[in-house]
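Numbers 45 to 620, taken from our numbering, label the letters of the sequence shown in order.
You may find that some hints are simply not true.
[What the hints assert, rightly or not] Listed next, the in silico BS3-like pairs over lysine-lysine satisfying Cα-Cα at most 30 Å (straight line):
| no. | residue 1 | residue 2 |
| --- | --- | --- |
| 1 | Lys-282 | Lys-307 |
| 2 | Lys-591 | Lys-572 |
| 3 | Lys-282 | Lys-309 |
| 4 | Lys-472 | Lys-454 |
| 5 | Lys-223 | Lys-154 |
| 6 | Lys-549 | Lys-454 |
| 7 | Lys-549 | Lys-572 |
| 8 | Lys-549 | Lys-591 |
[Unchecked claim] Label-pair ranges, simulated between beta-carbon atoms:
| no. | residue 1 | residue 2 | range |
| --- | --- | --- | --- |
| 9 | Thr-299 | Gln-564 | 50 to 58 Å |
| 10 | Thr-299 | Thr-225 | 20 to 28 Å |
| 11 | Arg-148 | Asp-298 | 54 to 62 Å |
| 12 | Gly-265 | Asp-367 | 48 to 56 Å |
| 13 | Gln-347 | Asp-535 | 55 to 63 Å |
Quick caveat, the hints were computed from the structure, so don't treat them as lab data. Using N, Cα and C, we set each Cβ at its ideal position, and we do this for glycine too.
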Amino acid sequence: MPKDKEQSQATMRIDITPAMLEQLQQAPAPATVRIGRPGGLTMAPRPGGPGVIRVPAGPTARPMGGEDFQVLLQSIYDAVFITDPQGAIIGANVRAEQFFASSRAELCKKNVLDLLCGAQRSLLDTILGSLENNRFVLIQALCRRADDTMFPGEISVSRLPLGGRTHLSFFIRDITLRKETEERLKTGYNALQNSGSGIAVADMEGTLAGYVNPSMLALLGLESAEEAYALNFRQFLKEEALAADMLATVQAGDTWVGELEMKRKAGAPFFAQASLEPNLNPDGAMTGIVISLLDVTPQRQAQQQLELYAAQLRQKNAEMEADLRMARDLQYAFMPTTYPTVVSGDPARPGHLEFAHVYHPSGLVGGDFFDILPVSENQVLVFVADVMGHGARAALVVATIRGLLEQISKETQEPGEFMTRLNAAYSKIFGSANELMFATACCVDFDLRRGRIRHANAGHPLPMVIDAEGTVRSGRMSPEGLGPALGLFGDARYAHTEADLPPGKRVIFYTDGLTEARNQRQDEFDVKGLEASLTRHMGEPLPDLMKALLREVVEFTGTPVFEDDVCLLGVGYAGS
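Using the sequences provided together with the hints, build the complete structure.
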């Protein structure tokens, strides 16, 4: 056979990518397509097929094993090395060149062990020994390319009788993708196994099949996956009728999410946040159901306990509110609803007292209080108090003071002595309490027959005075008339001071909840605001004056709700 003909018939079959195939099919259709230099790669087109690329064997080489063998060798998908028994490479296919990024000429200068990381001579001895009793040997190893990069390979080694001699064939498959997939699957499997949520795979009817993780076994009270596979998910539901809706939702391709009341195999109840969704195969067809359960029993029990506490608290609050409403009604009952008639009794100087008040507690009940105690037709004792704090405790102190007033007013009408006895009784009652409960107060005697005012004060704000001439000012007292708040010192002695009471004079008593009322800038209404408001409205009747004063405080604060109780009492001497 001529040498050039011998060269052209040494062929091999290799993979052709879709891009190469498209390019070749679109080219003109001569008898032969040449790639590279003359005598290089050629392809003989074949109708309906990709064609065969021919590689010349070289001027001196002879085809190993004949042309059919070479065609078969080059068409194998795996990288193939043919070696002698010592591992020296004497043949390789194109796939091997691709895998190891090297030409066959370079590969044939190496020993196959050079391409396997960490391989030693003893490996060949082991392989040869194993092949005496086995058709092939499988090896997994890291393979090294010419550029020193590596890839995981799966290697099948077998004997190859060729040309009357025994050779070794190494079939090498790059399993990088498989290794990555295995790692991902392993990671996913470990995540499922160690998940705190119970996860299981069920068939279309809810029967557990395929997979149940340890958390699911623990939730359902099962010993093993084999035990679970004979059971249906619906039998663990407290309301099995709910299962039909759940399965119908999933079978329709949707996900069902909700909280379930469930029971373990032994009957113990528990609560779970459940998710059921379709289990799809790679083609997107539904093959079953993936069930996920998260035990929320502690949270649900805590929620139930909170609901119980809330119900109990609502009941207690309702009871307390009812008690406070009753206390409010009693407190309003303590305050005068009608005013006594107090006249001068002197034909030469006729006149009478007029009264008006406004009471505005910060809550249902408050600690502010006033009373008007008649002494005679010409004389009256006015008592105003402000108990520390507000609410139920303050209301209790108010009720106590109210009871003491009735008793002491029968014993004395002299303001200083009145306050001294009241303080002693108050301190005796509340002195043993764990918390100090004091009250500011004032007792003022209005005597129209004598035209005099006597005033004893226990730490209470001095009243505002509107003189007969129309002047608005703060009340004035000498130091002997000023004493400590009730309850601070049980043996305190109180005195009073006197002042004139001419016709036309008005006295406005108030508690500090009014002057300490704040606006949004935290400015207080203060005594100056009180004085200005009284100046604007001093010509109005006493009841209207009281209402106008409260209205201006509300306008100043921007809210009808005050931080502290407010009590206003006006007393005026109106002449005939």
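Hints broken by the structure, by number, lowest first? When the structure is compared with the hints, none of them turns out to be violated.
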